Structures are given as C-alpha cells and as structure tokens.
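Q: Here is what each chain is made of, one letter per residue.
There are 2 protein chains.
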Amino acid sequence: MVIVGAGFGGLQAAKALGKARNVRVTVVDRYNHHLFQPLLYQVATSVLNTADISAPIRSILHARNTEVLLAEAKSVDVHRKVLVVEGGEIPYDSLVVATGASHSYFKHPEWAQVAPGLKTLDDAVRIRERILTAFEAAEREPDPVRQRQWMTFVIIGAGPTGVELAGALSYMTRHGLRRDFRHIDTREARVILLEGLPRVLNAYPEELSEEAKLDLEELHVDVRTGAMVTEIDDEGVTVGDEHIATKTVLWGAGVAASPLVRSLGVPLDRAGRVRVTPLLTAPGLPDVYVIGDVAAVEQQGKPVPGIAPAAMQMGRHVAKTVLCRLAGKPPRAFRYHDKGSFAVIGRGFAVGVLYDKWRMKGLPAWLVWAGVHIAYLIGYRNRLFVMLNWGYTFITRGGRNMRLITSNVAKRMPVLAASRQVPGLPPPPVRPELPTASRPAPVH
Amino acid sequence: MVIVGAGFGGLQAAKALGKARNVRVTVVDRYNHHLFQPLLYQVATSVLNTADISAPIRSILHARNTEVLLAEAKSVDVHRKVLVVEGGEIPYDSLVVATGASHSYFKHPEWAQVAPGLKTLDDAVRIRERILTAFEAAEREPDPVRQRQWMTFVIIGAGPTGVELAGALSYMTRHGLRRDFRHIDTREARVILLEGLPRVLNAYPEELSEEAKLDLEELHVDVRTGAMVTEIDDEGVTVGDEHIATKTVLWGAGVAASPLVRSLGVPLDRAGRVRVTPLLTAPGLPDVYVIGDVAAVEQQGKPVPGIAPAAMQMGRHVAKTVLCRLAGKPPRAFRYHDKGSFAVIGRGFAVGVLYDKWRMKGLPAWLVWAGVHIAYLIGYRNRLFVMLNWGYTFITRGGRNMRLITSNVAKRMPVLAASRQVPGLPPPPVRPELPTASRPAPVH
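Protein sequences, first through last, are from chains D and V. Heads up: the first sequence is residues 28 to 471, going by this note's numbering. Heads up: the second sequence is residues 28 to 471, going by this note's numbering.
For reference, chain D alone in the conformation it holds in the complex (with noise of 0.2 Å):
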C-alpha cells in the first residue's frame, strides 16, 4: 500500500491501516511534516508559530508497518504499477493518491509571482513577511501616493481562506500594529476583498454570506462581490474600469487539483479532479484510490465539499475498504456525513452550518468553530500551543505577536524621506555631542 500524500486524507487511511497486521504502508510526501491547513491564514497574520499548526509525518506515523518516505511524486504509471518519484519509482500493489489542490490562477500562471496563494507553511511565512515589510516600507515612504500603495492590501477570492485572511488583516491594522508607527496610522490601511461571485462564502446559505459580508464591513474590510480581475501586476490590480494602485496582493481563489492525477489517464472534472467510484476508485483502477480534495465526489446531487472532515472521512473509508478486500468481505460504498463547516470573520464571531441544520453565527459560531480546530489539531502540544497563543491574541487584541521578517528586507526599501535627512527642531546642539534630535518630532 503506497499513499501519496500525508493531508488530511492520506494520514487518516495511514492511521487506520497502521493497525493492521496483514498491511504494509508507504506514505510517501514531499514536504517532512503534516500541515493543518485551516489555520495557515493565521500564520500568515502572525497569530500562530509555524510548529503549532504542523507536525513531523514521522513523530506521527510511528506503526511498525508504516514507512515514511520524503519524495517528490512526478506521475504514477498504472500499467507497471509504480509511483514515479524524483530520483526513483515505487511500486505499489495499491495505491491513494491524497496530493490536494492549490489555487487555480484562471489562465494567468504568472499572476502567481505577484500575487501568491497560501498553501505550504513557506509560503504562510512569506506572506507575512510580505504584509509586514510593507507597513515598513510606508513607514519610510516620503510620497504619500506611493504611502497608501503600500498601505492597500487586496486579497482576491472570498471563500474561507480569503474572508479569514481579509478579517484576520483588517484586525491587525487596527489593534496589534496601531501603536508600532510613527509616520503613518495603521488604522488607515485599506484591506479590500475582491470576489468574482455575486457574494462572499458562496458555499454557505445566503444569510451567512450576508452575515459574513456585514461583519467583514464593520472590521472595516472593503468587500466586492460580483468584481472580475483582469489585470495583476507589482504596482496593483485592474478590477473592471478601476486599478487599485497596491503592492499586496494575496490570492485564495479558485480550486486546481494535484496535476499527479493527470497521469492516472482518466476522466477528469473542470478542476482536475477525478470523477470517483463509489469506492473512491479511480475509473478503471480498482487498485488506484484517489481521495481529498483531488476527488470529486458527489452525493445526492451535490458535491462533496473540499474541506478537512471530507478528506479524513475519505481516507478512513479506503483503509475500511482495503480491509474488507483482505478478509473477502464487500466493502461499501463511501457516504459523507456534513458536520458543518465554519468560517471566522474575526475576534471571536464566526459563521458556520452545524450537521447541514444548524445556521450559527457571532460568538457561539466561533465557539463551535475554535473547538473543532483545537480537537481536529494533531497532538496535544499543539493543542495547548495554539489555545496558549489564542487566549493570549485574543486578551493583549494581537499584542506582541510573531510579526517577523526573518530575512533581510531592509536592502529593498523606499528611499528615505529628505524631509528625514534634516536635523529636526531645536532644541539646537549645545555642544557637538549632545544627544538632540536628528529627525522630526514623532507624529503621535
């Protein structure tokens, strides 16, 4: 048994199968560690450490039938029945492809350069560091033009990562970073969201969208729905007739499945997905399972959402199903039970749907929501990391948090200001090394 892939889906199947006798299991990743990703947004805002929300594949899978292989996975090739990986192949007897999605950039690959998604704690890191070196460089910037391009932050996409994000951003402008500047008030940052669909959490009954959107609004994030990009470059966005002058743009949208699959030689959807048997087989591949969120699933009409808990049921279902095939039991088909989604908007209120019934919103919603989190979270360390770090947020509103800019930025920073090159006001030096001032009087 070879598993591609230690996500959601894949570490469930690894899990369940790690106690069979009569198993063996490779999972093979590229990356050394599992990641969670409904909290990376919160990496990215410099809420949670990067270890809070990952841990190392191997500290988890210790089974004695399990094997964790670090690899890149390049094709699979069904007929010769091996994974294809850089610098080797491996042989499977059967197979789960679990690689996930990224975000489709819509026939534009080269937005991803100035515009980068969030998918792998590096990239959580960058955009912090992002967000963060560009309040600095409006610190320094002379031109007040050029001051609030620095200081507009467009986030494209309005599902959950996006409207997380953008709550999470707007949060941070207004309490963690207000007191840290002198030349500029970070209450003025513009964070603005834009959306292609006529509203925001288009997954979501309608009532949310319009409940997410009104509270989004009162955190004083610019919310547009219905607003088509056309353009992306290093000085803004073109949304229609408008350019949004801006040197951050983040992007959370769109949905493009694994490329891993395409090599599995069957149908796939629009998004790249395949189009799964009930098995959660690939069509024709009895012995290929494809599951996550690089499998469209639908049930009673409706997809299968692409979110955590579809992914773990997923990857439960194949190691029952593998089971069942060696005891010569018929395995059944996969049923997704919804126990809700959730999406935070900001310093304790969420939206969310409980067992597809329940409409919550506001504080209870975001109750619900952290509880799930902190209970789906690997580990009882970060269990306790991440509630530590949330009661202390949540307490100081976003005190001294992990705003680091780790590598050096300071080269590549606006010009300073010749207003800042001039002495500033008396008191005028009495003797020549008499500590007076050297630049002007602090604003606030």
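Hints in this document: simulated from the structure, not taken from any laboratory. Just so we're clear, the structure is a prediction, and the values are computed from it rather than from any experiment. Do not rely on the hints blindly, as some may be mistaken.
Copies of one chain are not kept apart here, so a pair can be met inside one copy or by any two copies together.
[What the hints assert, rightly or not] Okay, derived cross-link-like pairs now, DSBU-like style, lysine-lysine, Cα gap no bigger than 35 Å in a straight line:
#1 K347 x K438
#2 K438 x K108
#3 K438 x K42
#4 K274 x K438
#5 K134 x K329
#6 K274 x K42
#7 K366 x K46
Using the hints, position chain V against chain D.
A: Chain V alone, transformed into the frame defined by chain D:
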C-alpha cells in the same frame, strides 16, 4: 540620538533613554526584531520556535520619544555626522554603534557557503532544515559510505555556541529522532566538535573545560581539540592529514566585528573592534559611542567578554553618560560587573562561573543557566512559551519537536535504492488490488 543595532546593547540604551524627556531617539536595525541570540541554537535543534526568542523592536520600544527605522546601515560619515543607510542618510548629534559581530572564517570567506554560522533566525531555520534533511537523505541513501557521510555532523569551534549545538544535536539523534526512521539508526550518527585551541570553552576555567569535554563525550560527541581545519567543501572537512566525510558542517568559530566601525576611521583590534575610551566612545569621537561585541574593552588587564550581560551594561552606561552630559554633570567611566557566564551541555546539565567566583557544573549550573535565560528574555510571553517548550522537551526527551523542513528539499534527495524499487517479501498479491508490501520490511 541615533542607535544602530537593536541587540542587547542597543536595546538597553534605547529603553533607558525612552524615559528621558529631553532626548529623541532613533533606533536603526536591518531586522524588525530583537533576537535573543544565546538560545538561537535551540531553534536550530528544533526545541524552540523563532518567535519564542525574538520580539518585534517596535513592540518593545513604544516610548513617545523613540522612533524605529528598518534600514541597513552602510557607513558613518563622522565629518558630516550622518549615518549612511541603504536609500538615505540619518544625521545624528550623537550615535551609538551597537551592530555586533559575526563569525570569522579566518581568511577563508568561501567556507561561509558550506559551513554556515548561527547568527540570525534565518540561519537557525536553515541549519535546522539542513540537519533534518541530512537524516532524510541518509534514510534514502543506498550506498553505506554515503549514508555514513550524511549521518556525520561536524561543528567547528568549541566556544559556547559550538558546545551547546553539539550537545543538543547529539541528544536529538539519540532521543527525539530515534524512532522516526526505518533504514537508519539515528543513534549511529556522529557529531564531531573541532576546536583549534587546546581545550573547549577556552574562556572558562580549565577545570570546567575538562568537565564540559567529559560531559560532551558522555553524550557521544567526538570532541577534538587542537584540531586545525585546512579545507572544507561539499564532501567533507580536512583536519591535518585526516579527511572527515560529511555533508553537514556548522561553523561557530572566531569573532569578526561588524564592518560598520571601519568607516569611523579609528584604530581597530585584530577582531575589527574599536578600542573604546572609558566612556565607551570611539577615540577622538566623543559623540560616537561603541558598545557590545563591536567594542574592545579592557578591565584590570582582562578583556570584557562578548556576552549579552556585558553589552547590556554598556548600553545602560551610555544612556547614563548621555543624561549626565545633558544635565551638565560629569559622566563616570564604564565598569563591567561580571555576573558570570554559563554554557549548557545537555538535558539538565551545564557548566559556568557565577560572579567570577563560584564554579558550577551539572544540574545546579543548568538551573542557574535556565533561570537567568528566562529572566533575560524579552516579555512575559516569550518567557512562558520558552518554559513550556523546555518542560515539554524535558519530559518527552525531545518528543515531537519543531522538526520542520519548510522548503521543498524533496527534489534534492539521493536516488532511491534499487533494492527498494522491487516489491518486498511475501505475502504476494492475491488480487491486483490487494494491499501488500511494496518495499522491504521495516528494519526495526
């Protein structure tokens, strides 16, 4: 007042002057955070998070008279009295140079590429990644000679950084990592500590050097003193006649003061430091203070060591001098109070000297070390989180730590062993979709 560098010295000067009404302070640093360097090796060895040992400078220096500027200092023009930074100039009435030191590669600058030093958060994250990647590569490596090369780690320089890094790394190979791999036994990893001088921790009393060496050897560190490195490249290190095959060389030797002081035009010592006056000013430049690792201070014929407490004392002393001068009082000469220094060897043991009198070792020394380090961390948040992480690491013996490789190293892995490319031993597949072994049976 312009302060360049927000390390231990610069920060103390800025904090002390933050209370003064008649001074305006500008703090210039090329990073946005203050870094608690003494614990940096714990980020490199997966014990602590980057944010646990750092804090944004802006969030520390909130005083109304203080301004923080992210900028790379390039030189000082003492005639025009300006600090030249990338993209501008900052005039000063008085200047504090507190830009610290980096490692010296002893006329071999090309070694910096293959043998990185540990000075910034980015260095620590990259070294962590390098160490973990070496084990991933060893796990994949079919050739036993190259496998052994991947599992050999050489640390050059047995000052506190080298000793602490060697101890922590060796501990990690024997505990935290032990159960993670199938094709290698991480306990067979070799950690070699090379020192050119006749003993480790040369600044400590001889008795403690001896103790440290014994403790390191108990942790299976191969300690070699009087070892002169003549060559380092991608494949190993040459020491005299011996070539040590290794893929991971870490550098902790030598001290080279920040090159900024060269532009002051004053005489420097061999390490590039300014021999300062008793008021900690550069000779002939009464308005330029030089403190911390960039200053060479002698007291009763002994050099003041390049450690955090010394830099902090100098920072506070400069603030006092400035305030004395402003008040028209005569400033007093700097006097270093030796409170002691400690180096950790392993889990619960250290060596050190307290108040230049009491020599300590073992657990008592570790407890003093831990208490002092917690106390000197910036802010309650970092103190709490460092304590929690230490507690966790202590109890679990390095259990599931921050062992993250965040960049995509999978592309650079060794070619997979041919033996792994053949499906493993029985049971052979009964039906094609049956999950059976696809790789050799686990070794453990």
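Q: For each hint given before, does the structure comply? Return the numbers of the non-compliant ones in rising order.
A: No numbers; nothing is violated.
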